[in-house]
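Required output: the full structure, derived from the provided sequences and hints.
Heads up: the sequence lines are chains H and E, in that order. Counting from 1, position 61 in the first sequence corresponds to residue 61 in the numbering used here; the numbering is continuous, with no gaps. If you want the numbering used here, it's the 1-based position in the second sequence plus 299.
Everything labelled a hint here was simulated from the structure, so no lab data went into it. Fair warning: this is a prediction, and the values are worked out from it, not measured in the lab. Quick reminder that beta carbons are idealized off the backbone N, C-alpha and C, glycines included. Be a bit skeptical, because a hint or two may be false.
Here are the simulated SDA-like cross-link-like pairs (lysine to any residue), alpha carbons at most 20 Å apart as the crow flies [stated by the list, open to error]:
# : chain 1 : residue 1 : chain 2 : residue 2
1 : E       : K404      : H       : G154
2 : E       : K404      : H       : D173
3 : E       : K510      : E       : A478
4 : E       : K404      : H       : R149
5 : E       : K510      : E       : L491
6 : E       : K404      : H       : S151
7 : H       : K91       : E       : I351
Here are some chain E residues the structure puts well away from chain H; computed CB gaps all over 12 Å [claimed, not checked]:
#  : residue
8  : L314
9  : G327
10 : D361
11 : A432
12 : R436
13 : E445
14 : Y452
15 : A514
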Amino acid sequence: MTSSSLQDLWLTYQSTVAFIGLNGLLALSVYTTLSCGQLSLAQAAFMAIGAYVSAILTFHSGAPFAVNLAVATLLPALVSVPLGLPVLRLKGVFLAIATIGFGEVVRIFFVNLDYTNGALGLTAVPQRTSIWMIYAALGTALFVLWRIRGSRAGYALEAIREDEPAARTMGIDAARYKLAMLALGAAFAGLAGALEAHYTYMVSPSTYSFTRVVDMLVYAVVGGTSVFYGPVVGAAFLTALPEVLREISARVGLAPGPLRLFVNGAVLLAVILFLPEGISSLPRRIRDRLRARREAHAA
Amino acid sequence: MLLSLQGVRRTFGGLAAVDGASLAVGTGEVHGLIGPNGAGKTTLLNLVSGLIPPTSGAIVLDGERIDGLASHVIAARGITRTYQNIRLFSALTAADNVLVGAHLKRNAPLWRRMAFLPSAAAEERAARAAALALLARVGMSERAFERASNLSYGEQRRVEIARALASSPRVMLLDEPTAGMNPGEVTAIADLIRGVARAGHSVLLVEHNVKLVMAVCDRITVLDFGKVIADGTPAEVGRDPAVIAAYLGGEAAA
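Here is the structure:
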């Protein structure tokens, strides 16, 4: 392969690579709150806050991009605290509904805010995001979640997920841990929002609708939530799949479009049916299957 | 007295599950709490551990009132417990369950682990070793790395006791620790409870196995319909006509 065709390949797929990273970060933000058993669907709102505040800072201040990103990471985490204090008393589906409500409030706030150009959103945001920044952010998030696992806090989170009242009688301050994880997830979402805004040149309120949260949740579920990197695997798979299918249908000579969507849906369904613990559980399942076969042979 | 309940009452709707109960547990004492089914024993443990607040009355630990505090605060003050319907974290191993129980004792700021400091690794090794030592104490060494859900009933109860001990509580509440155990296991639990008390932890023991209660307890409180009907040494309580009436029915006592 010549270097120019390699370059073509990169040019064709660099935005896919960027979105794999962004979606991975968003999937981790859902996973973070999920790791202590809380389903928060306010992640798109946190993402919106990160995107808007970073874009506004880019337009109106001379601050370096790193400072913008830091603000876009911290502000959603701060906002999540007053939201979490009342809302995290709710459980399961009630928490999900309350956080959807918050998400809609934030979205509609931006739709009606003249300062941010209402429903049209902010356009011509300078491109400041490089792909390495996206992957540095994703790597940082993975590192943090990896180190939490197996720590005193990590065990506390697992205990809360399994049986919150019992965890509390071990002296675990469940409310504080749940709030901390909501804030951490909000920080990841805000950072992803800021990076995305400065990659796609725009901030539009319709980007941060309920369907966006559903996408994040699907990444996490398809990738698997029993390990911390599962959501990233799911995001990579589901972000790359349409591109791969487009390439295949083009080679085979089929018209892209409806068929691609159909196959996309079929693959999703197959994963959920046959890999209920997500794609990230595949290596373990293959290992178990092989071992069972070896033992059957030995017997 | 280390732990005392003064006129503690808890109603559910119109029903008083615990109706003005008073009792006192001394340091290093094994205090039995017995009574017929539905007498309010488990409700009383739930009140002491803060799972539910009392409707009225006072619960005092070492001179400070703890009634109405959140359950994690009460745990931090030094009261941990086991559950009648075992509540282990079933996806975790036995050892990890005990590690969760050690939450209050551990001093492990997350940033140290993030920075890969040797002190963090040393703390983790020490906590893990302590958890394994506790499992050895309840006779669960060989099964330490088994998932809790794969353990037998008796094994799960022993892991729960180890988990409750992991924070070195001042008072441990045991809710029917020998339910579903065979006689050999019951003897082992009796020895364990006595050992725990000798080590300076007080024990409030709810138990249906009267023989065990008589054998291990220093004092016994008898509840019936939420009220304390007798309180004293095992010998005193065993002679008490009100206790015999509650257990065998009114006519037998008459």
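Hint by hint, here is what the structure shows:
1. K404/E - G154/H: holds, 15 Å
2. K404/E - D173/H: It holds: about 14 Å lies between the C-alpha atoms, which stays within 20 Å.
3. K510/E - A478/E: holds, 13 Å
4. K404/E - R149/H: holds, 19 Å
5. K510/E - L491/E: holds, 16 Å
6. K404/E - S151/H: Holds, because 14 Å separates the two Cα atoms, which is no more than 20 Å.
7. K91/H - I351/E: holds, 18 Å
8. L314: holds, 22 Å
9. G327: holds, 22 Å
10. D361: holds, 17 Å
11. A432: Non-interface label stands for A432/E: nearest chain H Cβ at 18 Å, farther than 12 Å.
12. R436: It holds; R436/E is separated from chain H by about 18 Å at its closest Cβ, greater than 12 Å.
13. E445: Nearest chain H Cβ is 16 Å from E445/E, so the label holds.
14. Y452: The assertion about Y452/E holds, with a minimum of 17 Å to chain H.
15. A514: Non-interface label stands for A514/E: nearest chain H Cβ at 27 Å, farther than 12 Å.
In the structure shown, no violation is registered for any of the earlier numbered hints.
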